[in-house]
Structures are given as structure tokens and as C-alpha cells.
Amino acid sequence: MAVARERLSTAQATVQPGALLQTIGLTKSFGGLAAVQNIDFHISPGEIVGVIGPNGAGKSTFFNLITGLYKPTRGRILVAGQDVTGKRPDILLRAGVARTFQNIRLFQNMTVLDNVLVGYHTRLKSRLVGDILKLPPTRREEREAERRAFEVLRLFDDRLVPHSYELARNLAYADRRLLEIARALASSPKLLLLDEPTVGMNPAETENAIRIIAKIRSADLAIILIEHKLNVVMGMSNRVVVLDYGEKIAEGTPREVQTNEKVIEAYLGRKAAAQAAAMLDRRDALEEAGQ
Amino acid sequence: MATIVRAPQYRLPAWFQNNRRLTIGWGTTLIIALLFPLMLNPTGHIQDITGDVVEGEIYAMLALGLNVVVGFAGLLDLGYAAFFAIGAYSFGMLSSSHFLPSSSFSSPFISWGPNGIHANFWFFLLACAMLAALFGLILGAPTLRLRGDYLAIVTLGFGEIVHKVVVNLGPGSTINAFGWPDITGGTNSLDGIFQPSFGPVQFSTDQVPWYYLGLGVLAVIIVIAYSLQNSRLGRAWVAMREDELAAACMGINLRNTKLLAFSMGAFFSGFAGVVQGSRLTLVDPSQFTFQISISILVMVVLGGIGSVPGVVLGAGIIALLQFYLLHQLNDWMHLAGTTANIGLLQHIDLTQAQYLIFGIMLVIMMIFRREGLIPSSQRRRELRPADESVLAEENQSLYTVRSGEA
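Which chain is which? The protein sequence lines are A and B, in order.
For the first sequence, the numbering used here assigns the number 1 to the initial residue and increments by one for each residue that follows.
For the second sequence, the numbering used here assigns the number 1 to the initial residue and increments by one for each residue that follows.
It cannot be assumed that every hint is accurate.
Have a look at the derived ranges for each label pair, beta carbon to beta carbon [stated by the list, open to error]: (1) B/LEU335 / A/ARG127: 46 to 54 Å; (2) A/PRO136 / B/TRP332: 51 to 59 Å; (3) A/ARG169 / B/VAL363: 21 to 29 Å; (4) B/LEU245 / A/ASP157: 23 to 31 Å; (5) A/PRO136 / B/ASP206: 35 to 43 Å; (6) A/ASN103 / B/HIS334: 53 to 61 Å.
If you want a taste of the chain B side facing chain A, the calculated C-beta under 10 Å gives, among others [to be verified]: (7) LEU30; (8) ASP191; (9) ILE224; (10) LEU254; (11) ARG370.
Quick look at which bits of chain A chain B covers, simulated, 3 or more residues with Cβ under 8 Å [unchecked claim]: (12) 28-38; (13) 113-119; (14) 132-146.
In short, the hints are calculated from the structure, not lab data.
Predicted, not measured: the structure shown is a model, and the values here were computed from it.
Even glycine gets a Cβ: it sits at the ideal position worked out from N, Cα and C.
Just chain B, with the same shape it has in the complex:
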């Protein structure tokens, strides 16, 4: 009689089921995203809406960057807008009519003359992101020994420093008294930033090309985020977040690993900065305040700390709230106020209460769904097609199904 040793039935790991869902999820999102501007055609508001969606894309880039620092590596960063500013300002200075050099120079990467400096957008998109990454290292270095609250305070300080520097390096500051030129434009903002072209497409006030550019950059960032998550470095980050001491004892160099987290986080926001600066043709210190850092953090927490799709969703929700729902809600309130003749409702301005609403949302999230909207419990298991075969193989070699000698 044939003796059959049954291979034990292991429950299919949850990540595998998620993997399929995730592929379908991202695929659908991409298709909808690609067709999105076409769908807007009948509404007649294509420019307004697309413009707001591009803002949403930039939020998503920032949220994904902060997610590397806060979600993957577990380092609370409250001054994240600083890196956004560094990306935007570095590109703004290198590609605008802000500086008017007397000499001329020309090369494929950067040219300058009496009209201003022209940097190649596509090259400097990467270069400015790398500059932001460098500043990530600079911020990371003094915070290496800090944890938790203390780390948050230092990053908060860094965010404020960058903001103040940008304000003070403008015209009329004390620095100018020493013969310094106006470097950042200060509160007058740095304007006249040049916009790129791609083949026949000239990027300008038409928001649709910007939408697709943002989508492309966002896609690249999402892919990088996933790659990092499922890599040696990604594992090291999570290990460090879970238990720093044990991680060190398993051979992880804490210094380098932390610095890389800050640096990669800053890298992503550098992209966002360049795109935003060039799209608006101006950068202004008010775009990089502490409130922005907090908003980005809210996106990460709302969507699910450490979860790539969660964070993108979080950014989407905040953008929707900020650009659409609050205004809509305002209108309804006013309408209700007028109908019912209630003075308070007629004059209430919910857009002013944005941060109050963020706060309430955070409190609600912390009470009812701390893991975020799309939690990342199987966070590192999502896009690994190799696993299935390995598991099957391992099971086979361990519990070989013998059909008997008969």
C-alpha cells in the first residue's frame, strides 16, 4: 500500500494575497490617473481641478519622502518642509531671472547671460534632489545620538532655521548691508523661474503637462520607495526602528543607516520642490512653514505609517480636503446659514479652520484606527514575486511527498 506523507498545509502568507490585490490596485490607479484629465473635459474646469491635483501629487511625493524617515526608519522629523524648500530654492536660483550675471556661458546643462540663468530642468530635477539629499545628511549628522522627543525638537529647529534663512537672505536684510546680493528674494519671493519643455510640449500655465510630469515623478518615487522597502537597507531601517541595540548587534551600522534614511527622505522632497517651483514660477517662504511639515506628517499618519499606498492615499485625502471639501463645506454652511438665517453659519470660514480639522482627524485616527487607513502590517512582503517559488521549494525539500515505493 502506498504511504502518503502529506505536506502540512501552511496558511498562505497574507502578503501573497495582498500582492495580487496590490498589483491590481496600483494598475487601476495608474490607468485612472493617466485618463484623468480627459475625464475632466466635460466639467469645463479642467485647469482648476488639474492644478489642484498636481498639488496633490506634490503632497504625495513629500509624504512618501517623510514616510522613509518616519515610517521606515522610525525617526520623527518635524522639519521636513526644509528639504522641500532646499529643492525649490536651489532650482529657483539656478533657473530664473533672479540673478542677472554680466558674463555669458553656455552648456547643455546650464547657461547664463544677462537674461538670467537657465538650468536644464531634467538634469537639475535630479541634481537639486541630490542637493536636498546632501542637506539630509547635514541634518542627520548632529541628530545621530538623539531619539524620540529630542530628535523631533532638533528637526523642528532645522525646519525653522531653513525657513528663517530663506526669509533673511532676501532684500533689505541686515546681510545686504555688507554688500551681499539678494539671494533668495526673501518675503518678496523668488520669481521668474523658467519652465521646461519636453519635445514639442512647453510647460506653462496649462496644468495638464504638469499633471503628467508629476505623475511620472511620483511613479518613479513610488517604485524607489518599494525597492528600498524590500532591500538590505530597508530591512536595516525597520530593524533599527524596532530595536536599535539589537540591530547594532546584528551588524547594522547605525550611523550610516540613519543618515541614509534622512538623506533618502530629503531626496524625494527635492523632486517635489523642483516641480513645484518651476510650475508656479515662484517660490516663497510661506510655502515652507512648520504648518507644511505638520500637514505632511498628518498625511503619513492618516494613510498608515510605513505603508506606501497608505501614504499616497493620505496625501490625496488631505489635498482633497484642502482644495475641494473645505470650500464645498463652506458653501453649504453659508447656504444653510442664509436659508435658516443663522449669522454664525453665514460667516464661518472653514478654510481658516484647516488645522483644527487636521487635529480632529488625527485625534479620531489615534482613537479608532491607529495603524492608518491602509496599514502596513505586511509592509515588507508586498512586491516580492520571488517569495512564492522559494516557499514552495522549501516546503518541498522539507516535507517531500512520498507516493510510496509500491
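Pulled out of the complex, with its shape left as it was, chain A reads as follows:
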């Protein structure tokens, strides 16, 4: 009973001014199973927030909720103060939320350039009549779009530009992951959701991806990063949120989260957590002794 009351109170959490994205008491249940439960989350412009958690913790469900692929069972989603709860994915993209997918979902039989141009879709004003008659504004816009698409592709050094006219399916695995980021970036998002951008990459490719993500981060772009490679998350994120069984179990700076008992328990189990806690205590004691 007490728990229920507590949840109710968090569901009425206040709207944070200045937050680019905020979720309040976000919950998604599939049948009786709550995949995401009562999550309060916020991110400000320019921030990189890592979302970690064991398999099945609800990270991808959380992304699917924010991008409108799932309708939340309860809770609210605000983008720049506007309530966008339950809106369609294309409307959320217009609001500035773009994403990549854990299992790459490129348009395989389109060229690399066209994939990026699809990302640019919402910025094009041409409609049916302009498209058919190829009116001068449409032509101009298309040229501009192409230029802009190349600009985006160039952010990825020479990984994508030389393959501009090749089909996306023919790219190397790591480059396909990069192309997904390029496609998302083309829509000039305010918030970029990266769902395991380095999964399946070798160390060199991972390093390259990290460098590129660091390059695209700017004061206007907030990034939420789901990642299993903890060194990647910890190295890049301003803040880390930890999910387990659909609930937020910890939040804080990378260092805070790393030493959080609940987090260690979630990842390693209760027994290992106890050992780890002991180790941490010993480390702290040593550090103190060293001083």
C-alpha cells in the first residue's frame, strides 16, 4: 500500500524546466509483465547520458517508448516541455528525437546517400505536385539536400563518403552502424538515441565509433547511449542511469554508479556484490592509508 502511494507521488513529479526530454513515471507493461516501470528521466541539451543494465532490463523498451514505437501504459513524455506521450514515431522525429537501432535497420536496398536523404525527409518541403513537376524549388531543395547529406557523411571521415552510391547492404558491418548514425543525424535532431552503437565491433572499430560520437556531440545535441561496453559508457557519459527489471536502480556520475552496491548486485548477483563491496571498502581503506 505504501509502495503504491509512493509511486503515485512520483507519477506527479514536477516538470523540469530546461530539460530537453523528460519522462515522468513512464511505465510499459506487456500483459502482466512490466518491461519498464515508473521511470523518471531527464536530459538537458548537450548532455550525454548512458543507460546501462543487464539484458532484459528494459533499455530498448525505454527507447521504443521515447521514440513512439510503443505507447506507454502509464506516465508522460515531454520533449522541450511539450507533452508528446503516445504520439507517432514520425511526429516524435519532427519534435527532434532521432534514433538508431540495436539490430541495424537500414534501408538495405537503397544507396548510402539515399539512406541519409531519407533521414533528411522531414526537412524537405516539396510535396506531390512539386515532386511530379520537378519545379525549380524542388530541384533546388534536392540539390541542397544532397549537399547536406554529403556534409553529414563527411563527419564519418572516409568510412562512408567513398561508398555514397553503393547499396547500404554492401557496406561493412561497422560502417552500417555508422550509417545508421548518419541517417539519424541528417534529420538535425535535438536528441539522438544510440542503441548499442558499438555492439559487435572490434576494439579498433569501437574506438573509431567513440571518436565519431565525440565529434558529433555539440551544445545543441543531447545523446542517450545504451551500451554494454562499460568503458565506452563510462568514458563518454556525463551521467549514467542504471535499469534493472524495468526499474531505475541508480543514477549519477559514472564513478558514483560504478561503486553503487545495487548496480554491482544487478550485474554480478548478491554474493559477488558482497565480495565487490568488500573489495571497494579495502580499496578505500588503502587509499585513506596512502594519504
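Got chain A sorted already, so can you dock chain B onto it with the hints?
Okay, now just chain B, sitting in the frame of chain A:
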């Protein structure tokens, strides 16, 4: 010493090589097409042959329309003949002696009197195509949530509904008992459709003007098909076909994009319907059966799903088969039968086995050349002259050739 940083040599994209081929291909086709009736003069069969070729042109229009829905947007439509019927019947009703109004009215677009209704062909060619496009939206709306097999079943149903409605709104149906007039002519067909004139040229039984009219309409449709393919909308269609979910996440409104695909597909067949109705001066339900929908689909698959030249070729092959090769083959069979005295060969009628042959062709295509005769692997790269300069420019700014400071 001058240091030369070589710009990496990228393989010229395949579309560029194709672009030249394509321009030459279409140019040659157009010239041959324009001179075609003249070439027939010596054969002495100019009317028969041209008539069949016009049928081929109409097939090509239909195939190009279905290609928008099936090829570009990836939505399987098995009731496509319905839109053909809507174009033909709407024009048939508006420009024939089927209805004999008691009042009179006159305007540049449409006039009516006791002799019937006269609609301006050129204006209503567009208007009826737009009506067909509207019906495309109407069919599209309930199918938005459907995919694959289920979509095919609903479109199949729609095709049958239109066919049955056309049959049942004729004379002698139960509807007439309620005092309804005969609207579509039913199985008696709707006849007496007026034929247009263009300056001094009166369209009538002479097939040559119809041939050129068909060629003009077909050319317009081909240009529109290419424009759509290389546009914001065309990209959205392909993206939707490739991955609906990812497309939605990239800001594509799936509802509008799907509806536009159905609507544009129907638009093309509306043109075909008007031309066909006016040329034959009659429309009959048997022209719009499920078999027609399937034939059009065969043209698209045979030629290459999503490929404009492929689809036109597919239509040409089916027309050739239907109007010429099958008859020819029949004659040879009969001749062989008579010579060798084999009863079966003397009496075989291959024109009756048309759909069997289509089926066999499809099976063969699926086994040996699934992408069609003219595949569309570089489908969206064909007619874009802007690309060359952009690519050159991009390469230049990226890898500038420095001839050294020396």
C-alpha cells in the same frame, strides 16, 4: 619536389553508366515508336496491328501504375483492374448516349441534351484519372494496418466488389426494382461512348490517331513515374518498402505515404481507362476481371518490379504474346498437326491456355531471373544529371589535389 596527393579513384557509380544507356534507350524507343505506323504501311495490316499496339500501350500504362504500388511502395495489390474500371466507367457515363437527359446544358467542359452527355475528352481524361486516384485513397484507407497477404486479400476483394457493382448496376438488376435507372449497362455493356477530336483529327475507328494519343499519354506517365521515383515521395516509398518501422522513425508519415502510393497507382490506370473506353466506344465488365489484374501483375513481375523500362517491356511482351505470338503459335501447331496428322495438334487452342502460359512464365522467371528482365538494382539513380557534378565537387573538396608549394 612537388608532392602530389592523388585523389582516390572511386569506381564510377553504376547508375552513371546506366544513365547514358537509358537516355539512348528511351530516345531510340521514342523514335521507333513515332515512326511505327509508317513502317506498317507496306504490310497492309496497319489497322489490325496498330489496334493491338494501342492495347499494348494501355497495358503499359496500367503496368506503370501498378508498379508504383507494388514496385515502389511494395504494397501487393491484386485488384488493380478496379481502378481501370473506374476510369473507364466514369468517362463512359459522362460522355455517351447512355444517359439521355431531358434538360440541356452547355459549357466548354461538359454539355448534355436529349442526345446524351458530351464531356470534353481532354479535360475529363485528367478528371477521371483523378476520380480513380480518389478511389485509390478510398481503398487505401481501410488497408493501412494490413501488410503482405492480408493486404493482398483486401485488394483482391476490392477488385471483385467493383466488378460486381458494375455488373449489378445494369438493367434487370434488383436495384432497378426500386426505380433506379440503368447506371452502368451491366453485362449489356455501356456503349455509345463519344470519341474526341484534336484539331482536324477526328478519333474514330482509325487506330493511328489512337496510337499517337496512347503514346503521348504513356510518355507523360513515364515521365511522372521517373519524377516520382527520384523525389522525396519516391524515397519515402522505397524506405517504407524496405523497413516500415525504421521509415516511421525517420519521420515518414506511413499513412499518407501509403495512401499516396495507392492513389498515384490508381491515377495512372484512370488514364488508361478513359483512353480504352473512348477508343472502343464501349466498356464492359469483362474488361475488368481478376484475370486482368493478374495479367498486369505478371507484366510488372516479368519486366522487373520497380523498374520503369522493365515494366513497359513486360507490358509489351504480354501484349505481343496475347495478340500475336499465341495466334501464330496456334497456326503453326495446327499446320504441324495437319501435316503429321496428329489430332491433338489440329484442335489445340493456345489462346485458351493464355493464363497457363503466364503461369509457366512466372515460374520460369522466379527460378531463373527473379529481378525481372530489366532489373532496377540502381533503380533510383537513373535520371539524375545533378549527381555527377555533386560527386565531382564532393571528391574535390575532400581530397584536394595539391600540386605542391614548389
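Taking the numbered hints from earlier one at a time, note which ones the structure violates and give those numbers from smallest to largest.
1, 7, 8, 11, 12
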